[in-house]
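Working from the sequences, and respecting the hints, build out all of it.
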Amino acid sequence: MKKILFLSLSLLTAAGMSAKVTLPSVLGSNMVLQQQCNANLWGKAAPSKKVTVTTSWDNRKYTVQAAADSTWKTAVATPAAGGPYSIRISDGEAIVLDNVMIGEVWICSGQSNMQMPVMGFPGQPVVGSNEAILNGTNSDIRMFVVRREVSDRPLDDCNTDTGWQEATTESVAGFTAVGYFFGLNLYKVLGIPIGLIETDWGGTRIETWMDMETAQKVEQNQVEKDKNHQAPNKTAQLYNAMIHPLVNYTAQGFIWYQGESNIHTGNAHLYSQYMQQLVSLWRNEWGNQQMPFYYVQIAPFVYEGDDKTSVPLIVEQQLAAMDKIPYSGMASTTDIGSGPCIHPSQKIPVGERLALLALSKTYGKKGLICESPRFESVRFEDGKAIVRFKTEGTLGPDYSGRIKGFEIAGADKIFVPARAEYIVGQPEIAVSSTIVENPVAVRYAFRNVPDQTTLYNTGGLPAFPFRTDDWNDAQ
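Quick note on numbering that gives the first Met the number 0: the sequence shown kicks off at 0 and runs consecutively.
Treat the hints as calculated values from the structure; they're not laboratory data. Keep in mind that a hint or two might mislead.
Said to hold, decoys possible - For lysine-lysine, the following BS3-like pairs were computed, each having C-alpha atoms within a straight-line distance of at most 27 Å:
id, residue 1, residue 2
1, 323, 365
2, 60, 72
3, 365, 187
4, 187, 364
Here the structure is a predicted model, which is why all the values come from computation and not from measurement.
So, in C-alpha cells, the structure goes:
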C-alpha cells in the first residue's frame, strides 16, 4: 500500500513539473495591449520552469522563471499603436496569441448604468442602439467582459464567457453602452486600436468594489454593516472577484458609473471619501498614481420623490471627490434622465462626455470643451443673487432661449422658482424673484428630478446642480 501511494505521489509530481504554461483569462488572442509601455504578461508554469515570451512586433525574447508557487510574470516593451501581432509563450510547449493589437486600454466599471448594454435592458431601450449595432463592426475596437461573480478572497483570475472579441454587431449589442460609446469616440479621434474591459454589476454599493482594509478607512464597522447585505453587496466581494484579477493588466485608465446604490445606505454623506479611497486603492494596485479616473454624475431619478434632494446631495459628494482626486473628471448628466426610470436611455452623450474628458485631459487634444459649468461663488445685491460659474467656453441657455432650473429663497428657507438672466461678458447669472425681496440662498437643479434645466456652456455641456446653502430643512 505504501509503495502504491509513493508511486501515485511521484506521478502527480512529475505531471505537475511538466504542466503546460497557462494564462489568465484576460490574456488571449484578439486582446489589446497598452501602447508604448512595459505591458505585463503573466501566468503559471511548473515551479522553476523557464518561460519564454516572444513578441512578433520586434522579435524580442523575454525569459522568466516560474516561482515556487508556479507563478511567473514579465513585462514586454510595446510599440506605438498598431497590429495585428502575435505573442508566443512557451515552457517547452507553446501557446500562441494571435490577432493582438497595440493601442489604448480602458477599464469600465460600476453598477447597472455601466452594465446597461447597447441593445438596452428589457423595456428600457438605449437611444440610437440600432444604428450603433448596425455600424458596430470594427476590428480596431476590442472588448472583454468579466463574468459577474463574487469571492470572499482576492482571486488571481476571473472568468469570461467570450474572451476578447472584435467589435461586431453581436458583440457590440451586448457590451456596456457607456463603455462602448466612450471607446468609439476615442477611436474616432485617435484613430488607433481601443481595448475596453467591462467589469460591472447592477445594484452594487461602492464598498463591494474595494478591499476590506480600504473600506475601513472610511467606516470601521464594515463587518457589522455587511450583516445587512447579501451578495454581491458585501464589502470586497466584487473587488476580490472582478477587480483583483485584472490588476496586472496594463491599462491607460478607468471610467466609472456608480452611486445609485449608495444613496439610501445611510452613508451617502461619506461617498466622496469612499471614492477617494477606491481610486487610491485601484491606482496602487495598478502601480500608477496618475491613472485617469473619469466618472459619471448620478442622473435624475425619482427615488423618494421628484422634489426631494437625495440625488443632488450625492452629486455634491461626487463633485467634492473631483476636487480631491487628481487626474479625474466627471461627466454631467443634469439634462439626462427620465425620472421614472433609473436607467437613462441616452447613453450616447454620456459616452461622448467621458471621451471628451479623456481626449482633452489624458490625450491633450486641443479645441475641445470637456468640463461642465460649475458653481464658483455667489454674491447678493439689489435683491438678486449673482452666481459666478467656473466654465470652459461661455454660459448660455439651450435653444429655448431661456435659462430655467434656478430657485431662490430668503431667510424663511422657502425656495421658489426664479428668473435667471445671463450677464453679458461674464460667466455669471443674475437670479431673482418678485416673491423673495431679500434672497440669501440660491439653488440650481437641486431636486431629484428638476422640472427644467437649460443652463449650458458653448460646448453643449449642462451645468452641474448646486446650492449655496447647507440647510437640511429647506422647502
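Quick rundown of the hints versus the structure:
1. Between residue 323 and residue 365 the alpha-carbon distance is near 25 Å, which keeps this suggested pair within the 27 Å criterion.
2. Between residue 60 and residue 72 the CA atoms are separated by roughly 14 Å; this keeps the pair inside 27 Å, and the hint holds.
3. Restraint check: the Cα-Cα separation between residue 365 and residue 187 comes to about 15 Å, which is no more than 27 Å; the hinted pair holds.
4. This hinted pair checks out: residue 187 and residue 364 have alpha carbons roughly 13 Å apart, not beyond 27 Å.
Taken one by one, the earlier hints all hold for this structure without exception.
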